Amino acid sequence: AQSVTQLDSQVPVFEEAPVELRCNYSSSVSVYLFWYVQYPNQGLQLLLKYLSGSTLVESINGFEAEFNKSQTSFHLRKPSVHISDTAEYFCAVSETGGFKTIFGAGTRLFVKA
Amino acid sequence: NAGVTQTPKFQVLKTGQSMTLQCAQDMNHEYMSWYRQDPGMGLRLIHYSVGAGITDQGEVPNGYNVSRSTTEDFPLRLLSAAPSQTSVYFCASSATTSGEQETQYFGPGTRLLVL
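Protein sequences appear in the order of chains A and B.
Under my numbering, the first residue of the first sequence is numbered 1, with each subsequent residue one higher.
Under my numbering, the first residue of the second sequence is numbered 1, with each subsequent residue one higher.
If you're looking for bench data, these hints aren't it; they were derived computationally from the structure.
Among the hints, a few may not be true.
What the hints assert, rightly or not - Not the full set, but computed from the structure, chain A residues with beta-carbon under 8 Å of chain B:
(1) Y39
(2) Q42
(3) T101
(4) F103
(5) G104
Since we're looking at a predicted model, the values are computed, not measured.
C-beta: ideal position from N, C-alpha, C; glycine also.
Please model the entire structure based on the sequences and the hints provided.
Listed below in structure tokens is the structure:
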């Protein structure tokens with residue numbers, strides 16, 4: 001069975017600084033990988049996903065994540081964060097050919113002025 | 001499109017009571033799922049469905065029932081509420097391509113408090 005580990009429960013960072021949110025997964029088969037974002041008192045929204053092809057995927061608001069098969073990681077990065085990026089970020093994995101998506105425990109990103 | 005809707009937004013129950021959390025989607029998605037979100041534990045899959053008449057268990061199915069009589073609706077039933085079921089519940093739906101799940105669209109959530 002697949003599992004997801006998000007290594008940091010909280011990440012405080014100053015505005016305009018770079019940030020990396022770490023995600024490692026385990027699975028015995030090929031996987032799809034996702035990052036979702038949850039703003040306060042809202043549901044989750046897809047930020048970006050890796051299904052196949054290029055290992056570097058980007059979102060429209062400047063986040064990117066790189067699929068590293070050898071390290072079983074899918075870390076999320078942004079070179080310069082904004083106050084509005086303050087939210088909780090969830091990494092998720094789904095086995096190809098399967099129907100279950102498993103989520104990590106989440107990382108709270110606090111962007112300070 | 002309204003997307004994924006959930007009712008109620010908030011509910012208080014007494015231990016032993018039963019209730020149904022409603023979820024509906026208007027995107028003609030085949031796949032629907034229920035998650036619960038608890039602090040420090042992320043989202044845990046309760047039950048899911050790959051189409052009308054087909055449901056299966058997720059990670060934490062005990063104490064919950066589901067059915068899928070139509071493509072649009074996927075209600076979650078708490079049979080006998082317990083304080084351990086106090087949580088925020090999210091419903092999600094997605095299209096499937098070649099039988100594989102794609103991006104999930106989440107509802108706004110239902111906050112449940114069991115006393």
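Would the hint on A/T101 be counted as holding, given a Cβ-Cβ threshold of 8 Å to chain B?
holds (6 Å)
Using 8 Å as the Cβ threshold, decide whether A/G104 counts as touching chain B.
holds (5 Å)
The hint names A/Y39 as touching chain B; please verify it with the least Cβ-Cβ distance against 8 Å.
violated (11 Å)
Regarding the hint that A/Q42 lies at the interface with chain B, is the smallest CB-CB distance below 8 Å?
For A/Q42, the interface hint holds, since the closest Cβ of chain B sits about 7 Å away, which is under 8 Å.
So, as I understand it, the hint says A/F103 touches chain B; can you test that by seeing if any CB pair is closer than 8 Å?
Holds. Min distance 4 Å.
Going down the numbered hints, you'll see the structure goes against just number 1.
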